[in-house]
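K.L.:
Protein chains in written order, with this note's numbering: chain A, 2 to 271; chain B, 15 to 610; chain C, 60 to 287.
The set of hints was computed from the structure by calculation and includes no laboratory data. Some hints could be false.
[What the hints assert, rightly or not] Residues from chain C shown here face chain B by an in silico Cβ test under 7 Å; the list is partial:
#, residue
1, 120
2, 127
3, 140
4, 142
5, 147
6, 159
7, 222
8, 271
None of the values given here were measured: they were computed from a predicted structure. By construction, the Cβ of each residue, glycine as well, lies at the ideal position given by its N, Cα and C atoms.
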Amino acid sequence: MAFLLGLLIWFIAIALAVPFVTQWWPLPDTITEHARQVDAQYNLTVWVTGVIFLIAQLALGYAVFKFGSNRPGRASHVRGNDRWELLWTTAATVLFIGLTFMGYTVWAEARFTEAATARPADDRLIVEVVGQQFVWNMRYAGRDGKFGPTDIKLMDDSIGNALGVDRDHADGKDDIIVPRMAVPVNREVELMLKSKDVLHNFFVPELRIKLDTVPGITGTLRFKADKTGTYEIVCSELCGLGHYKMRSFLDVMEPDAYEKWLVDQESFLE
Amino acid sequence: MTEVAEHVEVHRHPLPTSFITKYIFSVDHKVIGIQYMLLALVAAFVGMGLSLLVRIRLVWPAEPFGLLETLFPVGAPDGVMTPEFYLAMLTMHGTIMVFMVLTTAPQGGFGNYILPIQVGAADMAFPTLNMLSFWTTFLSFMALMAAFFVQGGAPISGWTAYPPLSALNEATIGGYGQDLWILSIALFCIGSLLGALNFIVTTLHLRTKGLTMMRLPLTVWTWFVTAILGLLAFGVLLSAGALLLMDRMAGTSFFIPGGLVVNDVIIDHTGGSPILWQHLFWFFGHPEVYIAILPGMGVTSHILSTFSRKPVFGYKAMVYAILAIGGLGFVVWGHHMFVSGMSPYSAFVFSILTMVIGVPSAIKTFNWIGTLWGGRIRFASPMLYSIGFVSLFVTGGISGIFLGQPTIDLFFHDTYFVVAHFHLIMGVAAIFGMFSGMTFWFPKMFGRLMNEGLNKVHFWITFAGVYAIFGPMHYLGIIAHPRRYAETTSVDYLAAAGANELHYFITIAAMVTIAAQFLFLFNFVWSLLKGKVTTDPNPWEATTLEWVTSTPPAHDNFEGKIPIVNHGPYEFSVPGNERDFVMQCNAPDAAPAQDH
Amino acid sequence: MASVVTTPEPRLRTPTQSPPLADGHGTGNGGARARDGDGGGPHGSNSAAAVERYKLGVKVGSGGIVMVFAAFTSALVVRSGLGGDWKAFDLPAVLWLSTAVLLLSSISIEKAKRAMRDGLEVGLQRWLNVTAILGAVFLVTQLVGWQQLTDRGIYVATNPSSSFFYVLTAGHGLHLFGGLLALTYVVFRVWRATPWPTKEAAIEGAALYWHFMDGLWVYLFVLLLVWR
Numbered sequence: 002m003a004f005l006l007g008l009l010i011w012f013i014a015i016a017l018a019v020p021f022v023t024q025w026w027p028l029p030d031t032i033t034e035h036a037r038q039v040d041a042q043y044n045l046t047v048w049v050t051g052v053i054f055l056i057a058q059l060a061l062g063y064a065v066f067k068f069g070s071n072r073p074g075r076a077s078h079v080r081g082n083d084r085w086e087l088l089w090t091t092a093a094t095v096l097f098i099g100l101t102f103m104g105y106t107v108w109a110e111a112r113f114t115e116a117a118t119a120r121p122a123d124d125r126l127i128v129e130v131v132g133q134q135f136v137w138n139m140r141y142a143g144r145d146g147k148f149g150p151t152d153i154k155l156m157d158d159s160i161g162n163a164l165g166v167d168r169d170h171a172d173g174k175d176d177i178i179v180p181r182m183a184v185p186v187n188r189e190v191e192l193m194l195k196s197k198d199v200l201h202n203f204f205v206p207e208l209r210i211k212l213d214t215v216p217g218i219t220g221t222l223r224f225k226a227d228k229t230g231t232y233e234i235v236c237s238e239l240c241g242l243g244h245y246k247m248r249s250f251l252d253v254m255e256p257d258a259y260e261k262w263l264v265d266q267e268s269f270l271e
Numbered sequence: 015m016t017e018v019a020e021h022v023e024v025h026r027h028p029l030p031t032s033f034i035t036k037y038i039f040s041v042d043h044k045v046i047g048i049q050y051m052l053l054a055l056v057a058a059f060v061g062m063g064l065s066l067l068v069r070i071r072l073v074w075p076a077e078p079f080g081l082l083e084t085l086f087p088v089g090a091p092d093g094v095m096t097p098e099f100y101l102a103m104l105t106m107h108g109t110i111m112v113f114m115v116l117t118t119a120p121q122g123g124f125g126n127y128i129l130p131i132q133v134g135a136a137d138m139a140f141p142t143l144n145m146l147s148f149w150t151t152f153l154s155f156m157a158l159m160a161a162f163f164v165q166g167g168a169p170i171s172g173w174t175a176y177p178p179l180s181a182l183n184e185a186t187i188g189g190y191g192q193d194l195w196i197l198s199i200a201l202f203c204i205g206s207l208l209g210a211l212n213f214i215v216t217t218l219h220l221r222t223k224g225l226t227m228m229r230l231p232l233t234v235w236t237w238f239v240t241a242i243l244g245l246l247a248f249g250v251l252l253s254a255g256a257l258l259l260m261d262r263m264a265g266t267s268f269f270i271p272g273g274l275v276v277n278d279v280i281i282d283h284t285g286g287s288p289i290l291w292q293h294l295f296w297f298f299g300h301p302e303v304y305i306a307i308l309p310g311m312g313v314t315s316h317i318l319s320t321f322s323r324k325p326v327f328g329y330k331a332m333v334y335a336i337l338a339i340g341g342l343g344f345v346v347w348g349h350h351m352f353v354s355g356m357s358p359y360s361a362f363v364f365s366i367l368t369m370v371i372g373v374p375s376a377i378k379t380f381n382w383i384g385t386l387w388g389g390r391i392r393f394a395s396p397m398l399y400s401i402g403f404v405s406l407f408v409t410g411g412i413s414g415i416f417l418g419q420p421t422i423d424l425f426f427h428d429t430y431f432v433v434a435h436f437h438l439i440m441g442v443a444a445i446f447g448m449f450s451g452m453t454f455w456f457p458k459m460f461g462r463l464m465n466e467g468l469n470k471v472h473f474w475i476t477f478a479g480v481y482a483i484f485g486p487m488h489y490l491g492i493i494a495h496p497r498r499y500a501e502t503t504s505v506d507y508l509a510a511a512g513a514n515e516l517h518y519f520i521t522i523a524a525m526v527t528i529a530a531q532f533l534f535l536f537n538f539v540w541s542l543l544k545g546k547v548t549t550d551p552n553p554w555e556a557t558t559l560e561w562v563t564s565t566p567p568a569h570d571n572f573e574g575k576i577p578i579v580n581h582g583p584y585e586f587s588v589p590g591n592e593r594d595f596v597m598q599c600n601a602p603d604a605a606p607a608q609d610h
Numbered sequence: 060m061a062s063v064v065t066t067p068e069p070r071l072r073t074p075t076q077s078p079p080l081a082d083g084h085g086t087g088n089g090g091a092r093a094r095d096g097d098g099g100g101p102h103g104s105n106s107a108a109a110v111e112r113y114k115l116g117v118k119v120g121s122g123g124i125v126m127v128f129a130a131f132t133s134a135l136v137v138r139s140g141l142g143g144d145w146k147a148f149d150l151p152a153v154l155w156l157s158t159a160v161l162l163l164s165s166i167s168i169e170k171a172k173r174a175m176r177d178g179l180e181v182g183l184q185r186w187l188n189v190t191a192i193l194g195a196v197f198l199v200t201q202l203v204g205w206q207q208l209t210d211r212g213i214y215v216a217t218n219p220s221s222s223f224f225y226v227l228t229a230g231h232g233l234h235l236f237g238g239l240l241a242l243t244y245v246v247f248r249v250w251r252a253t254p255w256p257t258k259e260a261a262i263e264g265a266a267l268y269w270h271f272m273d274g275l276w277v278y279l280f281v282l283l284l285v286w287r
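Chain A on its own, in the form it takes in the complex (with noise of 0.2 Å):
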């Protein structure tokens, strides 16, 4: 008993953590260096929960294993052991905080201003991203770089302006409105994510980044993608009875790609 015991918690513990050192079934793909650090951070923990993880369940199988009443003579009278008490609650405190720490920056980069806006702001293209039960829509500025105002009473999914923008606007004239995001690489991408009317929350795996679109409030997520290629968006947050099928794509295109994009897009508004 005691011998299968400590032998299924140390088959358990192990078969459990190949898979993470292995990566047999791997994160997505990386297109940001933002991502890339997320993902050093992940495997930093990976490591360090890794082998707290396997030292806690291999000695609770060794102990399960070595002390049955079967052993000869009594339990021993061990009320505890504070220098072992001091060394694993230090341990334990230096390593958790210490994680925390150095993920920080990473952190830091992706959510706070000041450390986005050290970057050049003029290249930064800037898309709103609305999501509603259960599609997501993508607004370009168009040309003139000036959102136009939107008006709830103008909202109409069938004439194709989800979005309410008023089309009598100088400003919302040239504003295009996409089911798909497409956006150059290796260009400072700006999203301003709203809602129409629930939580929703904008995902792409391979940015490794994500927010909830809160009705009432615009969030701000800013990457730069390194790669080209169609990614999907999934929407990670509880919306509805389409939740699972709110999906779009994020296509990453090379700079005249993207031009030709952009001509196509507006010769749609005419």
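Dock chains B and C against chain A, hints included.
P.N.:
Below, chains B and C without anything else, positioned relative to chain A:
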């Protein structure tokens, strides 16, 4: 020979006579404890049934099942479960399991039954209030079940009920399901608050002579701290629920912002904040998960010590760890909200505190291993479950280290990694605490023996089974599988990364594991009715006060003779003693006087 | 170390042998709070212990209730800052009367408690009755206040400020009503004059709860007055 060296004589009270006062509206904490346990048992099986439906739909989303069409003509027309049915099952699974199982059985069930006896009292401080607490909780359960049967069915907004989705009928199919849910939760809050009151006063005021706080069994410590958590947390949930109900029914806008357009309908609300709900909910929600796990930790410490024949390693550290977990549990709620739109600065503070709370949990884990180390382990079924608890707690706790870092949570939030984490801790470790407690105290409570062999078989299958279910969910998280998705068909990368195979494996494991629970149920019911009768007051050779009462205990536990305590709770294998245990109420010179 | 498995004859300690329990203290090294020793449990014959127990129960329960209103308060603070639609309104004048009535009722229940401690049954009954009546009057003034608001067209959904007004006053009113029911029970039981071992405890507990309701009202009233 009696174990009780000295006792205090107290006034005895007449026994209840009618069936109603003995078994229905009883004020006896033991009957109330069993009532809570039975409620949790029924709820657990309902909750498991719901999870089975969830798992089946994930693997076979479009496959018609004739049986489902018969059972659920509205939710599964033509035998195929609709997405709304999926979300309703998911919502109710979470709600039922968290509230009606994890918050009732460990605390209301075992705590009610055992705590007064372990502190040497004849009953709880306020027995009538205790009875009211149970029946309020029972009403709460009825209200929750009613949600299944109203038009529109059960709510679909998850057990977390985030507005605006939970506040606007326009955003879902509508109906009174969500309102009944809120009513149920409100009743549950009231029942829990009343119960918490009783636990706290009983622990502080009704301890027998000689039973100092630092001589309390760790079970009592965890029930006590859990009660304090409940006292301070449930009021907040009650407030939040009241405000949400008002947004739904009274036209207020606490949580609903302005300018909403839901399916082309302009919503006439303005100025509210969805994030406000999240703050209120999680201020309750985080202490709630510690309420779910702390009693299991107490039972584990107790069982590991008893069945290793060794004192708990580092009793004082264990007490401080319980207090630290309880206190810190109130300041980490923001880690559920890293990507909610909340200030990213506060995220950092919450992250540090979350990491800090990992430390007392780590201390407890190492102390459990330390308790086993050098012991003489008796592998009875309570011990197997407690050993399983340690393993499961380690695994579940470790994934918390990932999620507590905002950088990493940016990726894992709302993926299956989170589902794996909380199921291992709550849905399994805490449950193992209950199995452990049940198999341990069953002989005492019912004067009958459970079939030990069957319990062991149940343990092996369940222990391997739950790892088979929830282990792979980590990998689903790594491939970025979002939560609460009714199926994987609408996202290309999921199938490509192997999600469907993982889901299949998990579902088969779930079916086997759920089936195994019927072994336990059978054992429980059979043993109650036909199990071998026992009057042995102390079959496990344990030390705490419940093991000196008769089996089962008399109506007032100690038949008017309350034992006086002379020892700590875990005096095992004291050197120089003939016997390898000293009971708390043995004579003072039975063990070297070493208080903690 | 000799074997100590066999224990001596159980030593019986009756309450008369224990030290005086008037203030609930036991002897020896037992008990952090020296609550042990009376061991009488919830039906304890020791009246002083019962008083302490009931008072602690009320204090603990009040802690739970405080959290309900703490949550409402924080929701109020947050909501008034966001949304930009908070419009303060003048509180109905009758609330000043509510406050005065409740403060008077605290005084009356305190007098009832003193009467009980001095063994004055008539005074006890009289002051309990006065408190119960004042409590009922308080609830009536609350309803009048609500009426005054609806007359001005201010309903629960009119504005977040009014929403919170109704929520806070209703919440407090509900808890006070519960206290009033308990108080009515006490009034009745005292009037019946049947043996009641936990009489002192019930009255002390009721008084404590009543003061808590009073204090809570003052807090809420000030909050509503001040938070514009």
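K.L.:
Are any of the numbered hints broken by this structure? If so, which, sorted upward?
P.N.:
Hint check: 3, 5, 6 and 8 fail, others pass.
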